[in-house]
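Here the protein sequences line up with chains A and B, keeping their order. Following numbering that gives the first Met the number 0, the numbering of the first sequence begins with 0 at its first residue and continues without gaps. Following numbering that gives the first Met the number 0, the numbering of the second sequence begins with 0 at its first residue and continues without gaps.
Hints in this document: simulated from the structure, not taken from any laboratory. One or more hints might be untrue.
Which copy is meant is left open, so a pair is good if it fits within one copy or across any two.
With a Cα cut of at most 27 Å, we get these calculated BS3-like pairs of lysine-lysine [to be verified]:
(1) Lys433 x Lys57
(2) Lys58 x Lys160
(3) Lys57 x Lys129
(4) Lys537 x Lys23
(5) Lys129 x Lys481
(6) Lys58 x Lys129
(7) Lys159 x Lys129
(8) Lys58 x Lys499
(9) Lys58 x Lys473
(10) Lys159 x Lys23
(11) Lys433 x Lys290
There are 2 protein chains.
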Amino acid sequence: MSELKLALAQINPSIGDIDGNAKKIIEQFEKAKKENCDLVIFGEMAICGYKTLDLLQKKYFISAIKEKILEIVAQTKGSKTAILLGCPTFEIGRNNSDILRNSAILIEDGTIKHIAHKKTLPNYGVFDEKRYFESANAISYVEFRGQTLAILICEDLWDKKNLFLLSEQIFDTIISINASPYSQNKPQQRFKTASNFAKTLKKPLFYVNLVGGQDELVFDGASMILDQNGELVAQAQEFQEDLITAQVTKTGHLTPKNSPLATYHLPLINNNYSACGLSLHDYVTKNGFNKVILGMSGGIDSALVAAIAVDALGSENVTLYALPSRFNSQTSMDDAVLCAKNLGVKLEVISIEEPFKAMLATIPNLSNLAQENLQSRIRGNILMAISNSSGALLLSTGNKSELATGYATLYGDMCGAFNPIKDLYKTEIYELAKYRNSISAAIPQNIIDKAPTAELRENQKDSDSLPEYEILDKILFSLIEKDNSVTEIINSGFEETMVKKVAQLFYQNEYKRQQSCLGPKISDRAFDLERRYPISNKFTK
Amino acid sequence: MSELKLALAQINPSIGDIDGNAKKIIEQFEKAKKENCDLVIFGEMAICGYKTLDLLQKKYFISAIKEKILEIVAQTKGSKTAILLGCPTFEIGRNNSDILRNSAILIEDGTIKHIAHKKTLPNYGVFDEKRYFESANAISYVEFRGQTLAILICEDLWDKKNLFLLSEQIFDTIISINASPYSQNKPQQRFKTASNFAKTLKKPLFYVNLVGGQDELVFDGASMILDQNGELVAQAQEFQEDLITAQVTKTGHLTPKNSPLATYHLPLINNNYSACGLSLHDYVTKNGFNKVILGMSGGIDSALVAAIAVDALGSENVTLYALPSRFNSQTSMDDAVLCAKNLGVKLEVISIEEPFKAMLATIPNLSNLAQENLQSRIRGNILMAISNSSGALLLSTGNKSELATGYATLYGDMCGAFNPIKDLYKTEIYELAKYRNSISAAIPQNIIDKAPTAELRENQKDSDSLPEYEILDKILFSLIEKDNSVTEIINSGFEETMVKKVAQLFYQNEYKRQQSCLGPKISDRAFDLERRYPISNKFTK
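So that you can see chain A by itself, here it is in the shape it has in the complex:
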């Protein structure tokens, strides 16, 4: 009876860091060797990270990957443990055309034994694989030490045609290598899809994912091993690197069979918090920074970002700045001070009053709106000056509701390298703040309880110019995530004038969103990367 010991190596590669990623691959290979594994399996594009975008169009990038893979191949000489590795592969097609494929290569005892190519290329949502890759005509099968392995690459698992094709083939075990980005509903969808695949085909399924943040994408890991009934028997950590193993016989018997805690049943909120933190951490560190700063208004958004930053980077790497104007209340300052104290982090206070006065004297007759924006932009200038001087990255703190309605100020509070809460609606910000406080005291209760205000004029409240967030967020969710029309939203029970106003604000602020900084995709329809819209657009119905 052929029994294989398989390892799933869930690594956090950096885009373009071929040497560093190869080092991680060899480390996991050594670990798998020690555990006497037959095969250690890595995620999609593990050698170069996902998504590399137009880097893939540089031939010398592909050549550099190939060279590094040959070094990895050499290191497997004489070893019992083989490697299955996600990477791009290149060949010259008819008429000398270049053919790039999204592949998995099987490396054994110093040679490349097999190359499997991805059949179904996703080209929707955040994915643009048809820009780069040619698809394979068929799913690849490989004989390995007495078993036939079916090798699926990411989207191959989600394409029902492939399920049908596999049901007509004879094989033993399904291997699925992935770079499957997080969204709050993804862990459940992913488990359901994989489970259905295993159950329908009556075969065990080894699913390996990447982990880590890459610009807007967060790979949450949670690699898993499913038995032929589609039941979970092992799961890797979420949001961190891990290696899990299991033995599988030709008849699909798995050992050990753990029935682990199905972490995909965790509340979304926990995962969202982890996703924001990992994304921020990896953006900062993968770009060669370690310190961040942010403006602390005393409101919920900046308080939550401060908590996420401290949890992700350590309190020693975070500095908060309160930048009061004549319109900021003492309550806001007290709340900011208490929040900083809770988080054990430094808060500096810089009044914007003098620059604001100087600006008002320099440009007379500004409209009220211009004066409000000016305060936000002076704060942006101060924070950018400190960032430029100190080498700390500035974090932006606008939430999805603000970005949707244009309530955030371009070149003001929208300044920053990264925005950990960009894809969270205001109502989700409150939920996340409460979740964070359930772990330890972080965000003062008064910040959660008080009415939201930008404090850019006397006694201002967000609800002066926007609907209450409970209603606003529902309208926005319907417009954005559900792609509903204004008429459909009105017909679903919202007040006509309000819906029209929100839709108008939403469409006319597309130009601001397109100049916003990056933030992690959490929803099913993140701005910019996933929701791509013209700025000049007259269809706003």
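Position chain B against the provided structure of chain A, taking the given hints into account.
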């Protein structure tokens, strides 16, 4: 002998403005009727504009288009003139899946006679059609008043496989409907491709393009009629709406046969200037604005943008602002004043000295770099405040060389809604300025002659921190347009330290480019839309 009179209607549609576009279509239809045409042919997606991006994923958008088309259909009842119109079409496929196609519909005497679908969907460069459309299996042919027309939609003409397929079919005349965006080499490439198609198949070819600016894309028009030898017999205007007609027999005889001036042989520079102007004009007006402002440094970039803006929008719609600091020379001010005078446009002077002092007093111990950026950002704040107060759009004036090296200041001179020179290298800016001056005195000679400087510290010159632009631009062109590696560039004869420094600056400033405003694509590799790169990226070789 069947002779058809065909009209090519080159219109400037607005994205999503279905009513307005339909009005233009009917106007051209009426014109073609008066000229007794058999068929009036419109560009790709003429009903909704190109590119509509994720608007296409809204079912009610497609429904609204369908409704409007039925109105157009009704208007052709009883008329001799038929319409061929580019539009999206929708059907329900197997398993209730939605199938969207990029189509051309033939409308005749109150009915839809035929629907042709696009076969070759471009998914490279600026194009993402596989995100939205299903491709047709074959090129469509239609019988029309005794002739067989082959109907190609844009990319269908560029796919050599289609040329082979057509060579095996029997038909009379080629119709090619397009939304072919401008780049400086495109007019020539387009003529060559169409000419080769006509000549190889020995058939006349009617090529209609859109015209107008749509965010980063500029459609240059230049619709054309080619005879069966691939010779040009008629060409529509470039960069403006037009309608041209010709009669064609079943044997391919064309009348009138004009041998017009081949405008695609015009110097690139003329077209580039027109493209920048049209793009700016349409961005401003299609978004409901008419006035613009810009900061006038006395340097070449802002002077050129001022000239483009005045030519595109009229001097009454442009206001220039000189915003001197302690570091700005009197020469700069004199140059700015003379340039404004030449252009017949208002120049306001606002000193940034007081806000700069107030900021320096508010945030002590700023690094030199932070102080330089601060000046640029104070200017950005002032201009945005004026924009917010006045309702005039702010134009940004950073060139491609600056954006490539990060020499532009984020939230400073990068502030703005639109940047007409975003895709022009510094050396191209000089060429364009000289071209503009060849028409009439606009940009003072001293601005062209003096050494470029940002004037953010005493006696600063761009060449203090960057190579001379003649060399810099060659290195950048090699990196960006040619996608060459650092090693390849060094081997082609540039100094190693310099190339490495430029490449490092280039890659590490990706984050700035991704927060930059829109500007027209002029080159073969425009940032953001056409060159898509990760920010977190360690491959910079």
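For each hint, the structure was consulted:
1. Taking the shortest alpha-carbon separations for lysine 433 and lysine 57, neither the intra-copy value of 46 Å nor the inter-copy value of 35 Å comes in at or below 27 Å.
2. Proximity of lysine 58 and lysine 160 under a CA criterion of 27 Å is satisfied inter-copy only: 25 Å between copies versus 33 Å inside one chain copy.
3. Proximity of lysine 57 and lysine 129 under a CA criterion of 27 Å is satisfied in both settings, with 16 Å inside one chain copy and 22 Å between copies.
4. In the homo-oligomer, the alpha carbons of lysine 537 and lysine 23 lie at most 27 Å apart only across protomers (15 Å), although the nearest pairing inside one protomer, at 50 Å, exceeds that limit.
5. In this assembly of identical chains, lysine 129 and lysine 481 lie within 27 Å of each other by CA distance both inside one copy and across copies; the values are 25 Å within and 22 Å between.
6. In this assembly of identical chains, lysine 58 and lysine 129 lie within 27 Å of each other by CA distance both inside one copy and across copies; the values are 17 Å within and 24 Å between.
7. With identical chains, the CA atoms of lysine 159 and lysine 129 are at most 27 Å apart both within one copy (19 Å) and between copies (19 Å).
8. Taking identical chains as interchangeable, the C-alpha atoms of lysine 58 and lysine 499 lie at most 27 Å apart only when they sit on different chains, with a minimum of 19 Å there against 50 Å within one chain.
9. In this assembly of identical chains, the alpha carbons of lysine 58 and lysine 473 lie at most 27 Å apart only when taken from different copies (20 Å versus 47 Å within one copy).
10. When the C-alpha separation of lysine 159 and lysine 23 is checked against a cutoff of 27 Å, the pair qualifies neither within a copy, at 33 Å, nor between copies, at 44 Å.
11. When the C-alpha separation of lysine 433 and lysine 290 is checked against a cutoff of 27 Å, the pair qualifies only within one copy, where the shortest distance is 26 Å, while the shortest distance between copies is 47 Å.
When held up to the earlier numbered hints, the structure conflicts with 1 and 10 and fits the remainder.
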